[in-house]
Amino acid sequence: MSSRATALRRLMTEYKQLTANGAPDNMFTAGPISEDNFFEWEALIMGPKDTPYEGGVFAAKLTFPSDYPLSPFKMKFDPPLFHPNIYKDGNVCISILHAPGDDPTGYELSSERWSPVQSVEKVLLSVVSMLAEPNLESGANIDCCKVYRENRPEFERIVRQQIRDMLGV
Amino acid sequence: MVSMSTPTPTSTAPDPTPTGGAVGHAAQSLTGQEDKDKVASMLPRSETPGVPGDENQLSEHDLYQLAQQLKDEEANKRPLISSAEPLSALREEYTNGTGNFLEKIEWLMSQGWRGLRRTRGDGDCFYRSLAYAYVERLLFADDQDLAVASTKSILEAKLKVLEQVGFEKLAYEDFYDAFVEVIDLIVKPNQHGRKLDANGLLEFFQTPELSNSAVFFLKLVTSAQMRSEPALYEGFLMNPDTGDPMGVKEFCERFVEAAGKEADDPMISALTSALSVPVNVAYLSNAGFSDSSHKVNFVEFQSEGTGLSGAEPITLLYRPGHYDILEKRADDLETRPDRK
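Line by line, the protein sequences give chains D and G.
For the first sequence, position 163 matches number 163 in UniProt numbering, and the numbering has no gaps at all.
For the second sequence, position 218 matches number 218 in UniProt numbering, and the numbering has no gaps at all.
For reference, chain G alone in the conformation it holds in the complex (with noise of 0.2 Å):
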């Protein structure tokens, strides 16, 4: 599993998040020893050094709270998820870096991929990316009210799905509620007699707990999916950590219904498949070119009904351990995507 939680031995290649990168690790990473050494230092030297374990007995909570002053000031740094910028912002961040990496920047370019949003490396980025993109399909609709109206069935039918696999009602219905509210400000307007534009969209996604709500919610989905359908999963899950296989039942608790744990191939499959909706995924790597045309390779997840609602697949943006979103729109004043 390639997570940023999990930080990897530093490689030969370039950082291939050179603005985001760092911050979004040390955002989320603090069960790291570097990290571990960060907060520590942040700390009073204990009285009376040597003895083993002392430093935690006597700062656990100091510990746990510096952590979390220390994501908050890194929260402070990135939005967890921004405005759409032209992706010839990414490529400036290559330009002193090897070649794939531009190149391949430009071959997105030349598809007519006009835009980046990025997304906070907390190790929710795939479930935070994806959710909001799974929303803004339906804002960018030919038509909203179809398009509304039958990924709302679609939601409704995951309740049943989500009480057969055992979670309580409590677990989920006010996740569910919160992100069906949003979806339906699309059509439906407020008391204020507002719609959801794309403002009131990202404004969404930038506060936490709405936000982790919907991210939460799609964990809990692609849970309840790998659990309904063992079989077709099983033999794809193993753990990170030491590469042993994994039932079902226990790498949904550990790996996807846990708060920052990174969607690996099964969970993107299992939640492509539950909400019906295609998602490719542009992977950009150092990696050579597998052939000479230098295109991205890009890896369809697809699944039985998927486009239902007619709306344009899902694309998001992979680089080594972090999802953004790929879109056709260079920033969010434009109010459509570039349509082919």
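In isolation and in its complexed conformation, chain D is listed as follows (with noise of 0.2 Å):
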């Protein structure tokens, strides 16, 4: 059985249960971006409520390495989106995606990190939570992590115009 196999076979399985059952409150939905290739997802994020990014709804690509689910998959926001924890090309920093080894910015020694235990649905839902509370311990947007802790009004403001433009309104 070659890897590229089990990942395959796990990615089938992950996206039928993602499908069934959907994801809790509809947060968020994930699916490969087409039938031939289900190495690349792409992931839709509603912004959580209460938070400036509520409203918004966030693409994201996910792009699954062979021997996954041994290795983690990494995530883009496509556009990318302004929070602490996004770089600005829209690659996600966060430690669940990221081996125990892997820690480019000083997770918190307690985070949680990627095992196979993990699958997309944790990491979205573990996204989700890191719209809503960024992690300014492990920022990789450094300009917004000094916004966010500065001038909290002012990275709201920069978050729904980012939201209105995405929209186009």
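Careful: at least some of the hints might be erroneous.
Stated by the list, open to error - Okay, derived cross-link-like pairs now, DSS-like style, lysine-lysine, Cα gap no bigger than 25 Å in a straight line:
hint, chain 1, residue 1, chain 2, residue 2
1, G, Lys249, D, Lys122
2, G, Lys160, D, Lys16
3, D, Lys74, D, Lys61
4, D, Lys61, D, Lys88
Hints were generated in silico from the structure; no laboratory data involved.
Model, not experiment: these values are computed from the prediction.
Relying on the hints, combine the two individually framed chains into one complex.
Pasting the structure below:
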């Protein structure tokens, strides 16, 4: 059994479960961009209520390695989202998408890490929590961290403006 | 917890792994500052130095990719698991060191240990060594059919435990299937009419995805064992970084299920018990001898029902921070272990 076959089987199982059960509170949807390639997914994430992201629907690309789930997938918002834990290019910096050894921005020791017991669903739930509660300890967008810390109304204004721009209103 | 992924301050003792240590260390501990520096030095200098966090901001993905590259390069230097080599080769590595290692290796040789099978020092060496030796002992069992059948029934029973402690089926079924598949090959020929032999076993464990699948399955089994009987393990679990006591669930999530986290005694004990297989660990350190007999200290991990399948215990060689497999064969060309 090749690793790609294992990864494919796992991805199909996850996709089947996601479509059958749906996400809690419809917080997101996710699935392969094309049925021909199960290793590239798109996720649509609803901006959580009572946050500046409310009302937005954010598209992200999930890229799976051929040895998934031994290795985590990568997640990139396209267009990039203004958030302390999202790089300016849209890549998400969250501990659950890193193995214990990979520690680019000094996550807290107690933060959750990638292991094959995680899944697309668990990661996306973590990303929704991250949107609601940024983690300034492991910031990815330093400018955004600064605005968030020093001028919260300005941070919220930028986020809302970005959502309006995305929606074209 | 002794782990190669948490570099310890340089001690006065000589490096216990003169050929393997440095490689293994670099290959896995890309969290360490020295490794970050190493990776950072491979990057172009930032145009605007001195801005805190700027380097990370520019290059997290570059860093990550360079780290992966470095890992891959190191990986090419030592296979995940190697062919057996004569123990005398290990002895040669210590001829210029202090006496204790030499005498201890010689003692092992005098006890009939003739070979060493090295495992890559990537933080998963205990699980990988155990997984390999676990299947190898079935390959060399007197009654292969019985050994394979009883092992498969033990593994199958673990599926219930995995489910009971709350793991989702999708988290373990593929890894279980891959592991049982290779065990089955010992007695059931594949579509080409071939059964598993020593070469096939080595090839399986040198193929990263298959090898890592087996490692991860054993980690899950270890975790499930600890989670299913927390009272047995709780008192022994602490955060290796802070020394604080930890609960079983949190400990398992962070130090058992995660990749590259080396096993310590509680994990070895849990896995020994879960798999019903006795494991002996020969501790090869530069410490003085406990008595005048100049023996190597063997720690036996036993559990109820161990030895059910009638195969020999698995024997691992531990040098500070690293596990390899001790063999009675000096190389893979010998078809059977030298039994007494």
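Taking the hints in turn, this is what the structure says about them:
In summary, the hint linking Lys249(G) to Lys122(D) is supported, as the alpha carbons are separated by about 17 Å, within the 25 Å threshold. A threshold of 25 Å between alpha carbons decides the hint, and for Lys160(G) with Lys16(D) the separation of about 23 Å falls inside it, so the pair holds. Between Lys74(D) and Lys61(D), the direct Cα distance comes to roughly 8 Å. Compliance with the 25 Å bound is thereby established for this hinted pair. Straight-line distance between C-alpha atoms of Lys61(D) and Lys88(D) comes to about 15 Å, which keeps the hinted pair within the 25 Å bound.
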